[in-house]
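Novice: Chains A and B are the protein sequences, given in the same order. Per the UniProt record's numbering, the first sequence starts with residue 1, numbered consecutively. Per the UniProt record's numbering, the second sequence starts with residue 1, numbered consecutively.
These aren't lab readings, by the way, just hints derived from the structure by calculation. Keep in mind that this is a model prediction, so the values were computed, not measured. Even for Gly, the Cβ is constructed at its ideal location relative to N, Cα and C.
Just so you have them, the derived chain A footprint on chain B, three or more residues with Cβ under 8 angstroms:
| no. | segment |
| --- | --- |
| 1 | 237–243 |
| 2 | 250–256 |
| 3 | 294–306 |
DEER-style ranges, computed between Cβ atoms:
| no. | chain 1 | residue 1 | chain 2 | residue 2 | range |
| --- | --- | --- | --- | --- | --- |
| 4 | B | P223 | A | R70 | 27 to 33 angstroms |
| 5 | A | G141 | B | A227 | 41 to 47 angstroms |
| 6 | A | R90 | B | I262 | 25 to 31 angstroms |
| 7 | B | P258 | A | R109 | 17 to 23 angstroms |
| 8 | A | S56 | B | P258 | 21 to 27 angstroms |
Chain by chain, the residues:
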Amino acid sequence: MRLSAEQLGWTAQGRRLLDNVSLDVEPGETFGLVGPNGSGKTTLLRMLAGLRRPHSGAVLVDGRAMSAMRQRDIARCIALVEQHADTTDRVTARQVVALGRTPFLSPLRPWSSQDEAVVSRALDDVDMRHMADRLWHTLSGGERQRVHIARALAQQPQVLLLDEPTNHLDIRHQLSILRLVRQLPITVVIALHDLNQAMDCDRVGVMEAGRLIDMGPPGQVLTAERLHHTFGVHADLVDDPLDGSRIMRFRTVV
Amino acid sequence: MMETALTLQRTRSLRWRWLWLTPPVLFAALIAGTAIGETSISMDTVLKVLANQLLGADYAVDRIDAGIIWNYRLSRAIVAASCGAGLALAGVVLQALLRNPLADPYLMGISAGASTGAVGVTVAGIGAGAFSLSAGAFAGAGLAFGLVVLLAQAAGGGSCNGRSAQASGAIILAGIAGSQLFNALTAFIIARSASAEQARSIMFWLLGNLSGVRWDDVVLAVPVSLAGLLVCLWHRRALDVFTFGADSAASMGIAVRPVRGILIACVALVTAVMVSMVGAIGFVGLVIPHAMRFIVGSRHTRLVPASALAGAVFLIGSDILSRILVPGQVLPIGVITSLIGAPTFALIMIRGMRAR
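Using the sequences and the hints, build the whole thing.
Specialist: See below:
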């Protein structure tokens with residue numbers, strides 16, 4: 001499924017949070033979004049997920065305008081993992097994942113064994129099957145994030161949008177979530193803070209003050225010059241002697 | 001796979017077994033509400049009167065007893081059940097939509113607004129009869145809720161999304177402000193326009209009072225509470241999906257604005273109709289859903305019918321207590337629900353905190 005944004009704009013309280021953002025995500029691609037805090041990554045993802053109508057421009061799903069689609073039909077092909085989605089309800093991991101089946105159910109179409117199978121598979125995909133009956137508040141941050149991803153996978157989406165899914169996680173959980181996401185055979189748009197993690201994406205887009213200022217393969221986009229300009233840091237690019245991959249080391253600009 | 005199929009089967013049979021309990025429990029509560037009261041009437045007589053009226057039997061019973069049972073107690077018990085179910089459902093919906101465990105039609109100012117509307121209609125005398133009273137209460141309830149939400153949004157921003165603790169605190173504070181404002185307005189209308197006798201009867205009604213209830217109230221209360229139940233059941237999955245907030249619900253395919261609009265309108269309508277009949281009865285919408293979450297869990301497929309049933313039984317029970325607690329005197333039912341509700345809520349809150 002091809003997801004595209006055409007000249008998206010969004011203004012809130014006189015501030016342009018998104019300014020003329022155009023973007024084409026190829027089917028099956030993993031697209032990384034990087035940028036400083038407040039650069040518009042979350043706003044863009046929410047718009048791509050159909051949670052916000054753009055003030056100008058349009059989001060297209062396989063060439064169809066998203067604004068003409070029902071919320072339910074959007075949710076059947078696009079899933080979003082938000083950054084802060086928490087609850088105080090006493091729900092189990094499995095119940096949370098089961099919420100992902102909502103767009104396929106209706107008051108008159110009951111829960112079926114097929115839905116149950118999708119939920120179990122999603123729990124397997126994130127390796128949380130053994131914790132399926134644990135209550136939400138007993139899960140760690142990484143486990144909750146994995147449950148959220150499983151919930152999104154239970155929507156059987158063709159596009160998965162993730163908003164900084166590795167935030168606040170320890171390094172082991174960060175890596176396991178990134179590996180999980182990379183293995184998925186679907187289109188992924190992922191906002192990332194860690195630029196080294198962004199190196200594994202097929203393409204990255206750099207956001208700055210609501211604009212998408214650059215986009216392309218990570219090796220070409222994330223240059224020392226770009227990092228200096230957008231993030232205000234000095235970066236040394238080193239080649240890892242182990243596998244030849246590019247590593248970035250950062251220093252503050254003096 | 002087999003394990004999953006087994007759990008599925010188990011949860012299903014559990015749900016069904018549970019649903020079968022509903023009619024007998026409700027029936028038993030209604031019988032109790034009819035049999036127990038200031039005047040002691042034997043169970044035998046009660047059943048005879050019911051058989052005469054419902055099954056067309058022809059037992060010989062005292063005509064006064066028959067009148068008390070049929071026209072006074074049974075209609076009263078049915079209205080109590082409807083109100084209890086309706087208010088409990090209103091609590092379920094508000095807690096789910098606002099992501100706030102303290103949300104309840106009473107605390108959110110909806111009951112206060114409905115009271116103001118109803119008193120305005122009574123005193124100003126616009127139209128007559130139960131319908132215009134309910135319409136006035138509905139207008140008041142809607143106005144109060146709108147005001148509370150606007151106030152919360154101005155204070156906390158995005159109150160309905162309930163994204164932050166600040167926002168959820170803001171709506172409760174706004175609810176308190178709204179309740180106070182509308183209670184003051186009610187008092188103002190009474191002081192300004194009502195005669196002394198009107199004022200006394202209104203004050204008694206405001207605390208929650210089922211004394212004036214007759215069969216024409218049943219005709220309004222039962223359909224409204226049943227309609228509320230159906231709307232909630234129809235939207236049970238949407239209510240579930242609000243677990244992680246409105247945005248999350250939207251990303252899982254819920255058309256948030258229309259669904260929220262329908263559910264809030266339903267809450268306002270049910271609350272308004274109940275308040276216009278029996279006054280502002282507090283704590284039902286707060287305590288019942290919390291208690292039921294402990295027993296049947298947070299999923300609305302079970303929570304909605306369980307809360308409706310428990311609310312119905314709770315209010316019938318409270319009504320019985322209000323009639324027999326002080327011999328020779330009927331207490332306002334709101335006093336009973338608050339006396340039971342406040343400590344129960346404190347207990348639930350402490351347990352809930354510890355569990356976390």
